[in-house]
Structures are given as C-alpha cells and as structure tokens.
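Using the sequences plus the hints, can you model the full thing?
Chains P and B, in that order, are what the protein sequence lines are.
With the numbering used here, the residue at position 275 of the first sequence is 275, and numbering never jumps.
With the numbering used here, the residue at position 30 of the second sequence is 1030, and numbering never jumps.
Everything labelled a hint here was simulated from the structure, so no lab data went into it.
These figures come from a predicted structure and were not determined experimentally.
Any given hint could be a false lead.
[Stated by the list, open to error] Derived, one-sided and incomplete: chain B residues facing chain P with beta-carbon distance under 10 angstroms:
1) T1006
2) K1008
3) R1048
4) S1052
5) E1079
6) T1085
7) T1091
8) V1240
9) R1243
Beta carbons: idealized from backbone N, C-alpha and C, even for Gly.
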Amino acid sequence: MIKVENLKKSFGTKRAVDGVSFTVERGEVLGFLGPNGAGKSTTMRMVTGFIPPSEGRVSVGGHDLVEQPLPAKRLIGYLPENAPSYNDMTVGGFLGFAAEIRGLTGDAKKRAVHRVVEMCSLETVLHQSVDTLSKGYRHRTCFAQSIIHDPDVLVLDEPTDGLDPNQKHEIRGLIRRMGEKKAIVFSTHILEEVDAVCSRAIIIDRGRIVANGTPAALRQQSELSGAVTVKIPGVSSEQVQERLKGVQGARSVSVVDRLPDTAWVRVYPQTQGQNGSLAREVALVVAGQGWKLEELHTEEGRLDEVFRNITKSDNSKEQRS
Amino acid sequence: MNGLSTIKTIARRELASYFTSPVAYVFIVIFLAMCGIFTFLLGGFFERGEASLVRPFFDWHPWLYLFLVPAAGMRVWAEERRLGTLELLLTMPVTAGQAIIGKFLASWLFLIIALALTFPTVLTVCYLGKPDLGTIFTGYVGSALLAGAYLAITCMTSAMTRNQVISFILSVVICFFLIAVGWPPVTTFFSTILPERAVDLISTFSVLPHFAGFQRGVIDSRDVFFFVSIVVFALFCTGVIIRNIRSGN
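This is the structure we're talking about:
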C-alpha cells in the first residue's frame, strides 16, 4: 500500500531525510523508531503529502503523492505530531468536519462520527470545545479524526505521546486490531510499544535507515541476546563466575549485580543464538557443583540496547524534525 | 467529492469558527459602533441636511476597514500555523487552492454580514428623506469589494507568519499604502515633485478613486476589475507562501 523509494529532504543545507526506502503492505504495522530529530516526522510528512520530497518518490495505493495527491490522500488517515485540532470547535463539530471533507454526508457522516466516538471513548466530551479538553482527550480526538473514513493506510506520528498508561494500552490495542486490515506506519520512541504492536520495525538515525526487521530479529542484534542469567544462593558471585568461565560455548561471564549471600551472574555465548545449548551446559555445571539453582533463564535481548547501540552516534544534538 | 463542496465545507467551518469564539460578536459590535460614530458624529449626517449616505457613511469605510479588516482576518492562516492544523488540513484530500478560497470566502462573508448589519442607517436616511436607493446599493457593493480586497491582503500576510500581531501590522501597512497613494493630501504632495501624469498613474493603484465610482452610483467594470485583481493577486501570493511553508524553504 505504501511505497517509499529513496526519499530525501533537505532544509537549506541540512539534510533531514537521506535516502529512506521502505514498503508497507496491508496487514502490516510498521514501527518507525529513532532519536529526536532523526527525521521521523519529516518522513511521515512526506508520506502524507504535507511536504514534497526533495528527491525520491512516495506512492500510496499506487498513487504518487506529488502527481496525484488527492486520490492518494483519500486513502490516508493521519495523526500529526502533537495531535493538532481546531481549538474553537466542539469534538462533535470537529469530527463532523473531518467526515465531510472526506466526502461523508448525511447518514454516512453520522454513522462515521458515531463509530469513531465509540472506538475512542469520546462520548462524554462530544459537545465540549476542544480547548477545554485534557491532553489525553485531545489526542484521542485527533486520532478519531484520522480513522473517521476507515482508511486503508494509517500514518500515526507518536500516537501514544502524552497519554497515561491505560490510554496507551487502549490505543495500542486499537492499532493492533486495525493493523490486521490496514497498512499502518507509526513513529514512537517508546520501545515497549514496538513489541506490543509492530509486525516490523525500522530504526532511523540522522535521516538514514540503520535497522529494519521484525522486533524479534532486531532484538537478536542485542549483545544480551542468548546470554544465560543464573541466580544461586549460598555462594559468592566470584566463585560462580570462575567456575562458569569454562563452560562450553561461553565467551565471557559477568556479575549482574551484588546481592547478599547470592550469586547473580550472566554467561554470554560465543555466537549469538545458541540459546538452548548454553543454558543446558550452564545447568549441568551448576548441578555438578551441587549448587541450589534459584533462577536460570536465557535472555531474549533488549530492544533499547539495540536502539542505543545503533543510534548512540549523536543523540545529544537534538534538532526539530 | 468535488472541489466546490470541499470549498463549501472549509468555508462553513471557517465561518462557524468566527461565531463560536467571541471574535465575531466583538468585531460586529465595534464595527457597528464605529460606523455609527463616524456617520452621525464625525460625518455630520444631520448637519448636512441631505438624504444621502455617500459622504457621511461610505467615505469612512476605507479608513474603518484599514484596521478592522486586518483584525478580522489576521487569524486566518496564522492560527492554523500556530496550532499545527495546517498540516492536518493539507493532508486531507484538499488542495491548497481550495483551502485558500474557502477560507477567504468565509471571512469575506463574515465581513459582508457585519456590513449588512448597518441597515438601520439606511432605514434612518429613508425615514428622514428620499435618498437614491440605487446609489446606496452600489455604495454597499463597492464597500464589500473594498473589504474583500483588504481581506485578501490580510490572508496573504497571515500566511507569512505564525504571529497574528505581525500579520495585523503588515496588512495595515499594505492597506494604508493602497489608500494613501490616492489620498488628496498625499497626491497633492506628489504633484509638487512629479509630473501630473505620473501622479495620475500612481493614484490609480489607490482604492480611493475606484471606490469613489461606487459611491457615485456607478458600477464601472474597471473598478470591479481593480478590486477583483487585488483579491486574485493576493490569494495567488498566499498560495505561493503556503507552498514555501510546505517545502520548508
């Protein structure tokens, strides 16, 4: 549904997006990750046709965003960053406007507004003016606007920003459910969200794609991936560390944290992904020593670590994206 | 959805936004109060002893609009930019042209509503004497066109900035320029240093001589063309400015 080819955008001499390509098919939820100023919002603005690319092409449903903007935009629902909406309108009025401009009138309009109001739990504020709403409601109002025409393509720029944990959970559930039938791109810098919602994730840094894969595949790039962590009471960490160094397939052993009377160490594998075997070896050694095992598990790897490793290049230089 | 109904939807929202905020009411009250003050106190409506609205009423409009039209129109684009709704609006299936025209028409309609509410002045003059109603009608047409021209300029300055105050000041300056080049005190000054033909040429850019025709009861196509061309030109510039905002240059 969404096809982005070699997208570039410069503002003056600064290159905000530098050769980004990806495709999103129906039924996919693509997470767009990156530090602030990496070019996430700029990319989304080009995908939705708000700003024209300096180079490259975006097409949605086969329509080029520059040459045939209207048919392409009809397919897209968009939640911009910070969820803007017309402050002086009521929630109902605003959603009615969004429906009308999408060509829905009369009964179809009423049904569409009713549907999104229910989906986003806006019943209680329907007749309230937008500027009297709390941030969470405002956010959901703008989100409701983006799905009012039941679009095939949904582009969400930080859809859970500023929501409380319950609201975050609701919106994620909504995105996941809608992702079964739509092509969805959403940007975030909350990594747990990627696990919760995405079928695929792209990490972007300084305008370039630096990683692209399923959350599980990305997690495997983590150093932690495949490491075995054990907790053994009654022995010292050094003792355990010394003993486990010799385990077959282990590269190194480190102490996770100092606990009183309990050893807590982590064994890193020589090559990532030999999960099962390393855990078995460690278990055998521990049993051979007669230690009482309190905990043993294989780490899956952590996205935030992968994220930091890939993008730590230049996080401090925050720029408006 | 065709272009016209898109424009209509945008215009309706824009017009409604005037009336859901206090802006509309404050504006209308002040506009009517000023009209009354200028007509009956400063314009000497009663002292003239003639059943006409030309001098006491319409004469003041270019000056009244100079501040009131920018005040009414300064929010049109500046507010969209400040709130970020510009991004929302232009990623809907809407062309920039439709948005520009829709928003302009809504604000113009609002000004025309305010202008129409001066009808008690017309009733007064009808009650007191036998005015030429045709002249009054053309005066209103000219006044509406004048307001439209100022408004289009305000739309343009409003697109230039997120800040409504800057937009207001810029449009007042431009509109003042459009009055001043044909204003007798200024043209008299020009005629002391420039040949007469040059002075005439410069003063054709002023709204005053073009508005004067309407006040006399004449709808001259050249005058109409003058005001319409200001509107078209200013809205075209608005389009260019918005395109520049979008491409980020």
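Quick rundown of the hints versus the structure:
no.	hint	verdict
1	T1006	holds, 6 angstroms
2	K1008	holds, 9 angstroms
3	R1048	violated, 43 angstroms
4	S1052	violated, 41 angstroms
5	E1079	holds, 9 angstroms
6	T1085	holds, 5 angstroms
7	T1091	holds, 4 angstroms
8	V1240	violated, 14 angstroms
9	R1243	holds, 9 angstroms
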